[in-house]
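Novice: Sequence:
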Amino acid sequence: MSIAFFDVDGTLLPHPSLESRFFWNLVRQGKIPATNYLRWIAQMFRIGATNLATAAQSNKMYLSRVPTSVLSPFETRQDRWIPAFFPAAIQRVWSHALHGDEIVLVSGTLAPLADIVKAALERELLCRGIETLIAVLATRLVAHNGRWTGSIGGAPMFGEAKRTAAKEFASSRGVALAQCSAYGDHALDRSLLETVGNPVAVNPTPGLRRIASQNGWQAVCWRPYPQRTADARHPLKWKGEVAR
Numbered sequence: 657m658s659i660a661f662f663d664v665d666g667t668l669l670p671h672p673s674l675e676s677r678f679f680w681n682l683v684r685q686g687k688i689p690a691t692n693y694l695r696w697i698a699q700m701f702r703i704g705a706t707n708l709a710t711a712a713q714s715n716k717m718y719l720s721r722v723p724t725s726v727l728s729p730f731e732t733r734q735d736r737w738i739p740a741f742f743p744a745a746i747q748r749v750w751s752h753a754l755h756g757d758e759i760v761l762v763s764g765t766l767a768p769l770a771d772i773v774k775a776a777l778e779r780e781l782l783c784r785g786i787e788t789l790i791a792v793l794a795t796r797l798v799a800h801n802g803r804w805t806g807s808i809g810g811a812p813m814f815g816e817a818k819r820t821a822a823k824e825f826a827s828s829r830g831v832a833l834a835q836c837s838a839y840g841d842h843a844l845d846r847s848l849l850e851t852v853g854n855p856v857a858v859n860p861t862p863g864l865r866r867i868a869s870q871n872g873w874q875a876v877c878w879r880p881y882p883q884r885t886a887d888a889r890h891p892l893k894w895k896g897e898v899a900r
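When you line the sequence shown up against the working numbering, it's residues 657 to 900, in that order.
Think of the hints as simulated: they come from the structure by calculation, not from any bench.
There may be inaccurate statements among the hints.
Computed spacing ranges between beta-carbons, pair by pair [claimed, not checked]: (1) P739 to G810: 25 to 31 Å; (2) S725 to S676: 18 to 24 Å; (3) H800 to R684: 22 to 28 Å; (4) G785 to R829: 20 to 26 Å; (5) H800 to G872: 45 to 51 Å.
The C-beta atom is built at its ideal place from N, Cα and C for all residues, glycine as well.
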């Protein structure tokens, strides 16, 4: 058995990110207290990060005192806000599952959102005749009395945290990382990709494209249009993918 680690945003699903979609849905519904925007800004100053993308991964104060029950509509009406998976992504996940590999989502998105993606992906696989349980390694939120505190439980799942989580997960399964695969789209996925034996850059950002080229990693372009069937000679390479 091997393990296939998949990033979510930009890898399995098109941008904008799930958390961005979630945030703007909450804004439109008036679910975020006005004072939370000030809390978020204050936390950004406390973090003191110069990179907005990485700082935002660590700052969830916009959810402070927001009831966890706001997730219910998102869980029951996924079709209204979760975009369709990239067809090639589904094919790749299906191929790994068909070969008996364990599927793991490793994402900086909020764990409750990653859990929704996990359930949707499991249904997609079931429609293709494979019943499997997908594991989730994502950013955990702290809740108290049915409301989020705005704090993160443990480390936010990006950068080195992804490498650490993958190592611990593979060790718990007794699987060598050299036998594993990983898929990511951003330079923040570098730590995860360089940890495994089969790294794949999916729709890579310019930064990750350079890293992939320097390291000789496979790079593919997955787009939201129907993909052709797998090439039987290369079950992990798909007709319709565009090499990058």
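Novice: Work down the list of hints and note, for each, if the structure agrees.
Specialist: For each hint, the structure was consulted:
1. P739 to G810: 25 to 31 Å: Given a distance of about 28 Å, which is inside 25 to 31 Å, the answer is holds.
2. S725 to S676: 18 to 24 Å: Cβ of S725 to Cβ of S676: about 21 Å, so the range 18 to 24 Å holds.
3. H800 to R684: 22 to 28 Å: With a Cβ separation near 26 Å, H800 and R684 satisfy 22 to 28 Å, so the hint holds.
4. G785 to R829: 20 to 26 Å: 24 Å, holds
5. H800 to G872: 45 to 51 Å: At roughly 48 Å between Cβ atoms, G872 and H800 fall inside 45 to 51 Å, so the hint holds.
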